[in-house]
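Participant: Chains as they are written, first to last, in my numbering: chain R, 350 to 597; chain E, 185 to 479.
Calculated from the structure, these hints are not laboratory results. One should not assume that every hint holds.
A partial selection of chain E residues facing chain R, derived with a Cβ cut-off under 7 Å [as the list claims (entries may be wrong)]:
1. Ile276
2. Ser323
3. Leu347
4. Tyr402
5. Tyr461
For clarity, every value in this text was computed on a predicted model and none was experimentally measured. Every residue, glycine too, gets a C-beta built ideally from N, C-alpha and C.
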Amino acid sequence: MPYNVIALIKQIPDLELIKVNSSTSEPILEGVPFRFENLSKNAVETAVRIKEKYGGKVTAILYGSDRGTPVMKEAYAMGVDEGFIITGYQESNPRLTAQVLAGKIKQIPHDVVILGNQSADSMTGLLPGMISALLNEPLLSNAISVELNANSAKISSGMEKEVLELEGSMPVVISVAQEINEPRFPPVMQIIAAGRKKINIEPSSIKGNDSTKLLSRKAPKSDRKRVVFEDIDKGAQEVAKVIKEVAR
Amino acid sequence: MKFLVFSDNLDNGKQIMSYLNGKGEFVVYTPDDSKEYADYGASRVVYLKGEHQAKPISELIASEIKSNGFDFVFITSTVTGRDLAAFLSQAINADIIPEVFDVKLQDSKVSTKRYGLGGKVVLEEESNGKIFTVIPGISDAVPSGTSSQVETKEIQRGNVNILSVNPKKGREVDLEKASIIVSVGRGLGKKEGIAQIEPFVKLVKGELAGSRPVCLDYRWLSEDRQVGYSGRKVKPKIYIALGISGQIQHIAGMRDSKIVIAVNKDKAAPIFQEADYGIVGDLYQVVPKIMGYLS
Ligand SMILES: Cc1cc2nc3c(=O)[nH]c(=O)nc-3n(C[C@H](O)[C@H](O)[C@H](O)COP(=O)(O)OP(=O)(O)OC[C@H]3O[C@@H](n4cnc5c(N)ncnc54)[C@H](O)[C@@H]3O)c2cc1C
Ligand SMILES: Nc1ncnc2c1ncn2[C@@H]1O[C@H](COP(=O)(O)O)[C@@H](O)[C@H]1O
């Protein structure tokens, strides 16, 4: 039985490429490209596997900026059928993000909405609950496997101390954990084809009134000695000395 | 001031209670064994009986907030805690500041600290936040010397069916108390590598830990040994990272270690920026050498 699946994708700055200004300790974000957020990729992989197994269509929604275009193309190459980029993203406002995304989801017929359980940059983990509340659809949380039936979805949920089998009626929201799958690397031909596919770009009409004021954003001080040995023997000797001193 | 706490993580919950102790009256809601929380200064501990589900728990707490009035809500950052916080923020229309590790309350404004950019920076913010999810470490857990009244409330059934519950195995290790931690990463290459590292761990009287891929993806170690943002936050006297690249989410869990030693065959690995002593080399060659010099 075919399903309409929506996957939510976040674009994030490429964290590994962010340098820190050594005098102010502030991150340098200028010129840092955006990339696919880690868990969003697991979400897209889950959605595409559902389509491959049961048939149907995968729609992706990214609330960000038009700099998210390469990310959406990557999603197309992975197997997403149609993509929407909503521009006007405001950082650190999860309630607004949820409202914008839920507003768009409501316009698209769907059986399942899939998103990550906690995004790799802001790590709020709030979107799954907020989207579920706004859509009034049950939330199946922290999936490590997913199975769909006629009118319901079943998941294994990886909680801290146990694994739960959960079931909810469609339409349903599913948040996925990193262990659910290993996202694919699409073949070159698919990447080229994806480059030609149309992306729908829409500005967000909802304005947020965020009371949160950023007082500072600094890298924690790291006063490490950074003594690095390329001579293994010397290094081992020195390290053994350090361990002995502390163990005493 | 009046606070409401939800906890489904004993260590973190007790830390939050110790943090609130003396700041006002607080009530704790928990699906855990309520006696565990009874001597940390709460005016009441409410045991939540029934299925452990975020949505119905949020409804119960929302109605308590409407009838009793609370200034702030503190929630342990767990799978259920984060979902619960999200539902609650919608239900009572209150702002939420996620994943905080420091909170200062001044009248209606609060200033909080949390990690941004995957743990690379600390965001210090001022807001009208009323709900916080709290990561471990907001305070040390200190019993208050008083004893709370315990009561029970029933959780209604939610819109999700729980078909089965299977406990995960893996015994609890006290990484937070270890004075030396030997932590292995993907660079270990194979599960059998663990057995090769264990004699070293024994020799230094340490505890074994690992990065997320080692604990979660490959399951070479049990999950409770994962160090990092989404694992344990540790601060041993010595943290020895073997074959760990040093991604920020890992660093976020071991940054407070006193001395960091790193072994990695890649000279450019970011872990060397976060290490006091680094050795560029194959861990399978370096570790026996260190052992040689130790004995
Ligand atoms: C929301 C979120 C939360 C996360 N939380 C955590 C967390 O809590 N903890 C965590 O660890 N990660 C976490 N991660 C994952 C994190 O981003 C990294 O993927 C992970 O830390 C990498 O683990 P690693 O260093 O073992 O592996 P890799 O990054 O693959 O590094 C392996 C290293 O081993 C070296 N190596 C290889 N062979 C040898 C050898 N023979 N001898 C010596 N060195 C060798 C390599 O040079 C390399 O540097 C999280 C990610 C996300 C998105
Ligand atoms: N701006 C966004 N646009 C689309 N999806 C998002 C956005 N922010 C978060 N998500 C989704 O929500 C998941 C959890 O993010 P968070 O709740 O912010 O930690 C991510 O893995 C994404 O799947």
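Participant: Would you mind marking each hint as holding or not holding in the structure?
Facilitator: Results of checking the hints against the structure:
1. Ile276: violated (11 Å)
2. Ser323: violated (19 Å)
3. Leu347: holds (4 Å)
4. Tyr402: Hint on tyrosine 402/E: violated, closest Cβ of chain R at ~10 Å, above 7 Å.
5. Tyr461: holds (5 Å)
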